[in-house]
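Engineer: Just so you know, the sequences run in chain order W and D.
Reading the first sequence from the start, the letters are residues 4 to 328 in our numbering.
Reading the second sequence from the start, the letters are residues 4 to 328 in our numbering.
Accuracy of the hints is not assured; some may be wrong.
It does not matter which identical chain is meant; a pair holds if it fits inside one copy or across any two.
[What the hints assert, rightly or not] Below 30 Å or equal to it, Euclidean Cα-Cα: the simulated DSSO-like pairs (lysine-lysine) are:
{"id": "1", "residue 1": "Lys109", "residue 2": "Lys98"}
{"id": "2", "residue 1": "Lys296", "residue 2": "Lys8"}
{"id": "3", "residue 1": "Lys280", "residue 2": "Lys264"}
{"id": "4", "residue 1": "Lys296", "residue 2": "Lys264"}
{"id": "5", "residue 1": "Lys322", "residue 2": "Lys296"}
{"id": "6", "residue 1": "Lys266", "residue 2": "Lys98"}
{"id": "7", "residue 1": "Lys322", "residue 2": "Lys280"}
{"id": "8", "residue 1": "Lys296", "residue 2": "Lys98"}
{"id": "9", "residue 1": "Lys98", "residue 2": "Lys280"}
{"id": "10", "residue 1": "Lys266", "residue 2": "Lys280"}
{"id": "11", "residue 1": "Lys296", "residue 2": "Lys280"}
{"id": "12", "residue 1": "Lys264", "residue 2": "Lys8"}
{"id": "13", "residue 1": "Lys98", "residue 2": "Lys264"}
{"id": "14", "residue 1": "Lys266", "residue 2": "Lys296"}
{"id": "15", "residue 1": "Lys8", "residue 2": "Lys98"}
{"id": "16", "residue 1": "Lys322", "residue 2": "Lys8"}
Worth flagging that the hints you see were computed from the coordinates, not collected in a lab.
2 protein chains.
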Amino acid sequence: MNQNKIALAIHGGAGTIMRSEMTAELEQEYRNGLQNALSIGWQILQTGGSALDAAQEAVVILENFPLFNAGHGSVFAHDGKNEMDACLMDGESQKAGAVAFVRNVKNPIKLARLVMDETEHILLAGAGANDFAREMNVELETDDYFFTDFRYEQFLKARKEGVVELDHSPDEIKIIEEEQQQSAEKKFGTVGAVACDSYGNVAAATSTGGMTNKKFGRIGDTPIPGAGTYADNQTCAVSCTGHGEFFIRNVVAYDVAALMKYKNLSLQDAAREVVEKLRAIGGEGGLIAVDTKGNLTLPFNSEGMYRGFVAADGEFIIKIYGDQK
Amino acid sequence: MNQNKIALAIHGGAGTIMRSEMTAELEQEYRNGLQNALSIGWQILQTGGSALDAAQEAVVILENFPLFNAGHGSVFAHDGKNEMDACLMDGESQKAGAVAFVRNVKNPIKLARLVMDETEHILLAGAGANDFAREMNVELETDDYFFTDFRYEQFLKARKEGVVELDHSPDEIKIIEEEQQQSAEKKFGTVGAVACDSYGNVAAATSTGGMTNKKFGRIGDTPIPGAGTYADNQTCAVSCTGHGEFFIRNVVAYDVAALMKYKNLSLQDAAREVVEKLRAIGGEGGLIAVDTKGNLTLPFNSEGMYRGFVAADGEFIIKIYGDQK
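Turn these sequences into a full structure, and let the hints guide you.
Structural biologist: The following block contains the structure:
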């Protein structure tokens with residue numbers, strides 16, 4: 004086993020997380036979800052496992068956690084079904100796999116891994132991606148599994164109001180005639196993980212349940228390598244969360260890598276610059292990133308981001324509000 | 004009207020274009036198709052129109068031309084239907100619009116424009132994108148319109164052999180159990196245009212019929228801003244053609260811009276470096292790019308690329324084989 008510094012960071016979405024709406028019990032639940040994801044990923048890295056496996060398995064835990072908008076806790080699309088996107092990228096091979104709006108797949112990130120490992124493609128979407136899931140015999144769940152009361156109430160509320168929500172709060176996306184009033188509170192629902200393993204390989208994984216009440220087969224940044232997810236052993240691994248369209252336009256995940264590669268910026272400076280550029284165009288959100296030396300950064304321009312990482316002394320640090328590392 | 008140097012380049016796909024399979028008549032047909040696209044785009048630019056409109060309308064002509072793999076000439080997916088992807092991006096606003104596997108839409112690039120202009124989204128895919136097309140009342144065509152004998156024979160041949168083709172030649176993508184022997188001849192079917200208008204704004208547009216016999220809702224680089232299409236007035240506009248997965252992994256279109264922005268490379272040097280990086284990982288194809296000064300470059304690493312541009316003296320230059328500008 005190489006002596007490279009292993010590193011792991013995770014996120015559960017960025018946005019305005021209102022302290023007034025948070026109870027001590029709810030906050031503890033969120034912390035437990037993040038803690039469990041860090042535990043699994045860290046165990047893999049400590050026992051010589053790959054960054055790719057660590058990132059993937061941390062995301063599996065976050066997908067299974069009902070309070071984050073991914074897997075089990077996914078929001079409802081316009082027809083009352085859950086549609087999910089996921090992507091992972093391996094810095095060593097620079098290979099990637101992704102799926103967009105898959106249904107009934109328990110862990111979309113595992114399906115993304117199969118796209119990477121078993122096909123020559125990168126991104127499979129819609130009915131075709133669901134056919135692929137069945138051919139691969141991945142674990143499926145009935146609609147009931149994805150039916151969490153919390154999300155369903157959000158969906159009914161959003162459909163009634165004719166708005167499209169990002170995660171579970173009243174941010175709306177104007178889509179055709181469905182324009183509505185703006186709201187101050189915004190949240191963006193995505194989960195993600197980045198890891199550096201003992202061999203100095205980096206990897207990133209991201210998964211989302213998308214936007215409540217979304218229509219028209221909208222694909223956000225999550226399943227797009229370069230936009231919401233990126234990894235390359237030359238530079239870093241990045242997983243994003245935020246208002247997807249801005250992340251696509253700014254090619255956010257790859258832009259962090261490009262600034263390191265072409266301008267010799269540090270991981271932290273590159274990530275900060277990219278998040279500031281997003282702020283300048285009104286793109287709310289954040290990202291987590293790791294370089295091949297095991298350095299971590301978790302910047303965001305929103306009021307909060309559910310996030311966690313393992314400190315140099317092995318302590319698990321979990322944060323929800325401001326106070327950015 | 005500003006005195007900026009207007010510029011226009013187009014492509015109709017890259018790959019091995021065998022002189023032995025080309026007749027004088029067929030070559031003249033290809034040249035006419037490219038010539039018509041240049042004419043339309045150039046007229047728009049000369050009369051003070053926008054780079055975005057010029058790129059879009061040049062692509063409309065290429066979509067309507069039956070010999071290129073886009074719009075009218077699209078290849079057949081696994082179920083014998085045509086599925087098409089398109090994307091455009093405006094360098095001035097840095098806004099983008101894209102659609103993936105739409106069916107029966109006469110001009111997918113026009114639908115991409117409506118995604119950009121009429122929604123807050125960037126990428127719509129599958130059944131949802133088709134619903135959007137109907138809501139927008141875009142021009143639809145029956146299956147017959149897309150049924151060109153040439154493409155259909157290709158499809159039947161590919162389905163029989165169990166291979167997935169890029170454009171109309173025997174390149175195959177291994178997909179699950181459908182592995183087949185390699186072939187020397189490859190072609191990639193995409194059309195695209197990049198333009199710089201008299202105000203110094205740049206824009207890019209790309210459209211494709213995808214791969215013959217494709218399954219599983221595969222999305223390539225064409226509809227992904229940053230991968231197959233990119234435009235930004237800070238740097239350049241780029242439209243790609245080639246083996247899509249490699250273009251996604253390398254974030255090709257944005258990488259040209261990043262090399263200009265962060266390493267101060269010229270358009271030509273940046274584009275050449277990106278195409279060489281593709282060659283190094285076996286990613287066959289090419290790109291066309293324009294900067295805000297009206298400089299053009301059209302590099303490719305394949306044996307040929309259907310391409311055209313307007314020279315400094317206003318002459319339309321059309322090329323098919325090597326001899327790169």
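Engineer: A separate judgement is required for each hint: does it hold in the structure or not?
Structural biologist: Hint check results:
1. Lys109 - Lys98: For Lys109 and Lys98, the Cα distance is within 30 Å only inside one copy (23 Å; across copies 34 Å).
2. Lys296 - Lys8: within (6 Å within a copy, 46 Å between copies)
3. Lys280 - Lys264: both (18 Å within a copy, 14 Å between copies)
4. Lys296 - Lys264: both (15 Å within a copy, 26 Å between copies)
5. Lys322 - Lys296: within (23 Å within a copy, 47 Å between copies)
6. Lys266 - Lys98: both (24 Å within a copy, 25 Å between copies)
7. Lys322 - Lys280: within (24 Å within a copy, 40 Å between copies)
8. Lys296 - Lys98: For Lys296 and Lys98, only the intra-copy Cα distance (20 Å) is at most 30 Å; the inter-copy one is 35 Å.
9. Lys98 - Lys280: both (27 Å within a copy, 15 Å between copies)
10. Lys266 - Lys280: This pair counts as both: shortest intra-copy Cα distance 16 Å, inter-copy 18 Å.
11. Lys296 - Lys280: both (25 Å within a copy, 24 Å between copies)
12. Lys264 - Lys8: Answer is within: at 21 Å inside a copy they meet the 30 Å cutoff, but 32 Å across does not.
13. Lys98 - Lys264: both (19 Å within a copy, 26 Å between copies)
14. Lys266 - Lys296: both (18 Å within a copy, 24 Å between copies)
15. Lys8 - Lys98: within (23 Å within a copy, 40 Å between copies)
16. Lys322 - Lys8: Result: close within a single copy only, 22 Å intra versus 52 Å inter.
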